[in-house]
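Here the protein sequences line up with chains A and B, keeping their order.
Residue numbering for the first sequence follows our numbering, starting at 1 and increasing by one per position.
Residue numbering for the second sequence follows our numbering, starting at 276 and increasing by one per position.
There could be a bad hint or two in this list.
A few chain B residues that face chain A, going by a derived Cβ cut-off under 8 Å, partial list only [unchecked claim]:
no., residue
1, V324
2, A411
3, L414
4, T489
5, L521
Keeping only pairs whose Cα atoms sit at most 25 Å apart, straight-line, the calculated SDA-like set for lysine to any residue is [as the list claims (entries may be wrong)]:
no., chain 1, residue 1, chain 2, residue 2
6, A, K165, A, G227
7, A, K165, B, T532
8, A, K58, B, T532
9, A, K58, B, S516
10, B, K433, A, A15
Since the hints were derived computationally from the structure, they do not count as laboratory data.
Owing to the predicted nature of the structure, the values given are computational and were not obtained by experimental measurement.
Using N, Cα and C, we set each Cβ at its ideal position, and we do this for glycine too.
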Amino acid sequence: MTRDVEAAARLCPDAFAKPAAGRTVHAAGWSLFVALTIFCLWRTGFFDLSRLIEGAGKLGWVLGFMLPPAHNGWLGEFGWALAETLAMAFLGTLLAALAAIPLGFLAARNIVPNWLLHFGIRRFLDGIRGVDQLIWALVFVSAVGLGPFAGILAIAVSDTGSLAKLFSEAIETVNRRQVEGVEAAGADRAQRIRFGMLPQVLPVMLSTTLYYFESNTRSATILGVVGAGGIGLQLADRIRVNNWDEASFIILMILVTVACIDWLSGQLRMRFIRP
Amino acid sequence: MVRARRRRSGLFVAAFLLAVVVSSWVGEVNLTNLATGIPGALGYIAATVPSLRFGTLGADLADWFWALDRWLLLLLDTIVIGFLATVMGTAAAFLLSFAAARNLSPNRTLCFVTRRVLEIARSVPELVYAMIFVFAFGLGPLAGVMAIAIHTTGALGKLFSEVNENADLRPLDGTLAAGANWFQGMRYAIVPQVLPNFASYTLLRFEINVRSATVIGFVGAGGIGQELMFVIRQFVYQDISAIVLLIILLVCIIDLTCERIRQNFTRAGAA
Chain A
1 MTRDVEAAAR LCPDAFAKPA AGRTVHAAGW SLFVALTIFC LWRTGFFDLS
51 RLIEGAGKLG WVLGFMLPPA HNGWLGEFGW ALAETLAMAF LGTLLAALAA
101 IPLGFLAARN IVPNWLLHFG IRRFLDGIRG VDQLIWALVF VSAVGLGPFA
151 GILAIAVSDT GSLAKLFSEA IETVNRRQVE GVEAAGADRA QRIRFGMLPQ
201 VLPVMLSTTL YYFESNTRSA TILGVVGAGG IGLQLADRIR VNNWDEASFI
251 ILMILVTVAC IDWLSGQLRM RFIRP
Chain B
276 MVRARRRRSG LFVAAFLLAV VVSSWVGEVN LTNLATGIPG ALGYIAATVP
326 SLRFGTLGAD LADWFWALDR WLLLLLDTIV IGFLATVMGT AAAFLLSFAA
376 ARNLSPNRTL CFVTRRVLEI ARSVPELVYA MIFVFAFGLG PLAGVMAIAI
426 HTTGALGKLF SEVNENADLR PLDGTLAAGA NWFQGMRYAI VPQVLPNFAS
476 YTLLRFEINV RSATVIGFVG AGGIGQELMF VIRQFVYQDI SAIVLLIILL
526 VCIIDLTCER IRQNFTRAGA A
């Protein structure tokens, strides 16, 4: 049986192989990919073996110093920095949500029929979102000085872009019937939004905002690296002066805090979705 | 019933207000620094906008983007970092995802260990890895690629293993019954099922990684971020807006291209 199949394959190989054209495209794609990867490896310095070996040695040395993690009496300082991080995430998300509500309504096609206005707002929001939060932090650190306030502004601005976009999408997909019902009862424009749309979109907005709070506690931990306060500042300082055991202690604190916030906001979200 | 509910929402509001007050105190936010800070920030952003006059538009633009060739090279570096980190991270995530899937893993200990490794890889922020690698391997894109690649391994490894857990196991039973070993079973029964999902997650990750690569330079790990950090620290206002604009443009182009490719994938999958 096997021999028959092999004999047939030898007789007409094309019937058992992929089509020639497909094979060529396949081979061309893969060789392009491999060439690109090799170029990138060369460009970023992965072919410098001595540097890699030396770096790996240094990395092992660092890991050795990281264990065991120790706070060396700085626990109070670290705790305060962590509280600062949480405050940054909370206030930043709150400001972003407050700013995103009017912007979200303005960017929704079914609220603002003017094509030019909502197109302009959409592109404006895209622009804000295109800039990473860390860039905003760097900008605000030089605009308002070092400290948590710069971090709050960075989170607020960058998340206004994302939240307003998500809010406007939620508003665009509301059920028309509730709005029509309120309209039939004689509601004016503002009342239509208040009683026809808001009850539908508010749970979505709340749960989205909570989700962003969660993700902001993650990102707020590193905003300090560029000078925006919080635990990241402490961590960057420790790494700068080679205090690796304290650095690993801070990293552990960050991991535990993020896990706690994840759990807490998960619980809250359940409450909002199923009141 | 109504009263209990009202009391509960009253508690919620009180807790919320308390959180606002406490975090304003901890975060050093008050009305005076809001009143001075926000106009200050707006003024700063306004200062980065160059004066373009219609009569001398060409010259003004050339003046604004005076170092375009150097910046484009740095942007290329940024893409290179994002691409390489995606390739390496995806490869590692692919290999680990089979051991991390509860239904496919050859044994429980291996599954547990792999899952914890992936967890650590994705929960430590990229920038922290980057700082450590910059210390070990020196300044430059090498550290950035490694940092983003590790994070990618963690994030994609989790997503991939979830896809694996949803795979249909009947083809695997078939191949195993025909005498395949574990590796052959994965290769011929599972991989063909999960590959389309893997591809679309990888493309999404590439977009995220290019974004990360634009800021990884803030700690000295290569790409356009290093230059941006420099001009912001030196208050070269016009260069700030020029570089930020280039970054936005790059991110938009990458997003649109990936979306196009993804659409092709899904259409091919549907056909």
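Cross-check of the supplied hints:
At its closest, the beta carbon of V324 of chain B sits 13 Å from a beta carbon of chain A; the interface hint therefore is violated under the 8 Å criterion. With 8 Å as the threshold, the beta carbon of A411 of chain B comes within range of chain A, its nearest partner Cβ sitting at about 4 Å, so the hint holds. Residue-level restraint check for L414 of chain B is violated (minimum Cβ-Cβ distance to chain A is 11 Å; threshold 8 Å). Using the Cβ-Cβ criterion of 8 Å, the hint placing T489 of chain B at the interface with chain A is satisfied: the shortest such distance is roughly 6 Å.
Annotation: interface hint on L521 of chain B violated; nearest CB of chain A at approximately 11 Å, more than 8 Å. Restraint check for K165 of chain A and G227 of chain A: the C-alpha separation of about 29 Å exceeds 25 Å, so the hint is violated. About 21 Å separates the Cα atoms of K165 of chain A and T532 of chain B, which keeps this hinted pair within 25 Å; it holds. Proposed proximity of K58 of chain A and T532 of chain B is contradicted: the alpha carbons are some 39 Å apart, above 25 Å.
Of the pairs offered as hints, the one joining K58 of chain A and S516 of chain B is violated, with about 38 Å between alpha carbons and a cut-off of 25 Å exceeded. Among the hinted pairs, K433 of chain B with A15 of chain A is inconsistent with the structure: their alpha-carbon atoms are about 40 Å apart, more than 25 Å.
The earlier numbered hints that this structure contradicts are 1, 3, 5, 6, 8, 9 and 10.
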